[in-house]
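Student: Given next are the chains, with one letter for each unit.
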Amino acid sequence: MGKLSSVYDSFVDFILKHKKIVLPVFLVLLAVVPLVIKSQYVIRVFCLIGIYCILTLSLNLIAGYMGQSSMGHAALYMMGAYFSGLLGAKLGWPFWITLVFGILGGALGGLILGFATMKLSAGYLSVITLAFGEVVEMVVLNWNSVTNGPLGVRGIPRPNLFGWELTPTNGGFYWLMLVLVIVAVLVSMCVVNSKFGRAVRAIKEDELAAKLMGVHTAAYKVQTIVLSGAMAGMAGAFYASMNRYIDAATFSFDISMTILCIVIFGGMGSIPGMIVGSALLISFPEVLRSLADYRFVVYGLLLILMMRFRPQGLLGGLSRRPYKLPAGVSRPGKPEDGGGTEEGKKVS
Amino acid sequence: MILEQVLNGVMLGMVYALIAVGYSLVFGILKLLNMAHGSIYAFGAHMALFIVSMHFGLLPAFLFAILTTGIISVLMDRIILAPLRAKNAPNITALISVMGVSYIIQNMMMIIFDSTKKTFPKLFDFGNVTFLGVTLTSTQIAMFLIALAFLVLLTVVVNYTKVGLAMRASRENAKAANMMGIDVRRIVTFTFFISGMCAAVAGVLVSGYYQMVYSTMGTEAGLKGFSAAVLGGIGVLHGSVVGGIIIGVAEALAVTYLGGSFRSATAYIVLFIVLLIRPSGLFGKDNIVKV
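Protein chains in written order, with this note's numbering: chain E, 1 to 348; chain B, 1001 to 1291.
Watch out, some of these pointers could steer you wrong.
Chain B side only, calculated, beta carbon under 10 Å to chain E, not exhaustive [unchecked claim]:
1. PHE1064
2. LEU1067
3. ILE1071
4. VAL1074
5. LEU1075
6. ILE1092
7. VAL1129
With a cut-off of at most 20 Å between alpha-carbon atoms, the simulated SDA-like pairs for lysine to any residue come out as follows [said to hold, decoys possible]:
8. B:LYS1031 <-> E:LEU302
9. B:LYS1087 <-> E:GLU205
10. B:LYS1175 <-> B:ALA1089
11. B:LYS1087 <-> E:LEU302
FRET-style restraints, in silico, Cβ to Cβ [claimed, not checked]:
12. E:LEU111 <-> B:ARG1085: 46 to 54 Å
13. E:ASN170 <-> B:LYS1087: 26 to 34 Å
14. E:LEU29 <-> B:ASN1178: 22 to 30 Å
15. B:ARG1078 <-> E:TYR294: 47 to 55 Å
16. E:PRO24 <-> B:ARG1078: 49 to 57 Å
Please keep in mind that the hints were generated in silico from the structure rather than gathered at the bench. The structure presented is a predicted model; accordingly, all values stated were derived computationally and were not measured. Where is the CB? At the ideal position from N, CA and C, for every residue including glycine.
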């Protein structure tokens, strides 16, 4: 176990060290996928992975940086999908405008959640989000005149870029997905490396201390959840347009659980972790069809095992590379290796 | 009419109180929201149904359900939560592990017992009783009485026995309790057993009332019980009872005056309002953290 994980860690370190080469190559490879692979099914799986990347990056803001967890993330996803899908199908608005409304819809959901939980400790948010998911689902199922109830929304328009209709067959959706994932990654990176991100991480480490240092914790919590909701809403709008049909059953509790599971598996607080986690966990039931029935049991087991043996996830935790010192400062003694492992364990 | 609905609500609310007490007990001692409580409740109902379908009768079904849920709760604590406590892991890791347990239980039930709604025999069906011009079924009354009996029993155990004293001491300060010779590990195990037992009793009673059992029944009941616990102030036992009854009555009134689709939403709306106005609940103390 220990040997395996050290081999794995040095592999990750190697990739991180050469990321200036690895990253562009990886992006180019991803960009040419629809030109090489013509199978609709594979492209659809890739798009799903992209959607989950956005969703997990969104939950990562709450779980990874703020140290709380959401069990109803599908509700925010659903709000985005319904806001965007309904405007598109009923009023015929173009995708680019409904996408904005989808994002706003998710953000609205985040705002409600944020106000309900801003003064509470970590555990409450997960239960409130669970209840929120049930309420949103109930509204969608019962508000027949607007949402079509259990019948769902049909005929959601495809995006149209200067006369070129994006479809899954011509690869347009795939590239759109890629762009949205990159936007989500950039937003996450900007958030993390800003004053905002530092304040949010301070809340995670010690809320009381953060408050005493003058961090307005309640406001930061609400803002983080709103931002997270907006990202989930974006994923929802994309899904609605890709699938052209949405109903309440699409956004079940299983989706929320899958999102949470990927975040834990990939490593809370790690952006590459979300992408790798989504790729592995979304493709796993497609590859292992015989295990598909047990997939949710496997997810549950994964949550427990990760918490027990590797709470920092696949790619989470602190960097083990030595801290880069400014020029002219020499390191006293030998550079410590493995100094991060002890601290890495503490990162939840 | 109103009186009838209120009484209906009180009867069902008593069962919510029983679920809420299960949350409160565990939260009081471990500061953990036991998210698996709803699944354990559904598990209890399924175990009872399993025994009933083998024609062993009701009492063995009750006992079997209590025993198996108690054991599964204790196993969950011993195998999954105790190592995390030993490692002094942050609270969120325990919460996520418990969610994982909940998910495994629910999906295993779906695989083993399939996900259809199964009929459950009506409990204690002796006809109707008319009381102050209100007609109640004997099932409701029996449900009320059994839940009440369990709540009284729990109150007595927690407040007037040696184990209860140890439980209260561990809740106040686990470290100090340990130094005073209380085996906190055993107290935690005992608490989990009781909490599982409450879930099983509630599960069997509610299944007997609605006459059906299905694998996802735990989510809704768990949330309602949680709402009741938060409403009363989580960790406070009598608060959970009051919370349960308020939720039950609110639900019954909402169904009558607003329509059946509002049944499950009522509890959540109450929960939202409580958290906005008084997050510590009706009887809860404000959470003051010493630095």
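Student: All the hints need checking, so say for each whether the structure fits it.
Tutor: How the hints compare with the structure:
1. PHE1064: violated (24 Å)
2. LEU1067: violated (23 Å)
3. ILE1071: Violated, because the Cβ-Cβ distance from B:ILE1071 to chain E comes to roughly 18 Å (cut-off 10 Å).
4. VAL1074: The hint is violated - B:VAL1074 has no Cβ within 10 Å of chain E, the shortest such distance being about 16 Å.
5. LEU1075: violated (12 Å)
6. ILE1092: holds (5 Å)
7. VAL1129: violated (34 Å)
8. B:LYS1031 <-> E:LEU302: violated (24 Å)
9. B:LYS1087 <-> E:GLU205: Distance ~18 Å between B:LYS1087 and E:GLU205 Cα, so the pair holds.
10. B:LYS1175 <-> B:ALA1089: With Cα atoms ~16 Å apart, B:LYS1175 and B:ALA1089 stay inside 20 Å; holds.
11. B:LYS1087 <-> E:LEU302: holds (19 Å)
12. E:LEU111 <-> B:ARG1085: 46 to 54 Å: Check failed, 36 Å falls outside 46 to 54 Å.
13. E:ASN170 <-> B:LYS1087: 26 to 34 Å: This hint is violated: roughly 52 Å between Cβ atoms.
14. E:LEU29 <-> B:ASN1178: 22 to 30 Å: violated (57 Å)
15. B:ARG1078 <-> E:TYR294: 47 to 55 Å: violated (24 Å)
16. E:PRO24 <-> B:ARG1078: 49 to 57 Å: holds (50 Å)
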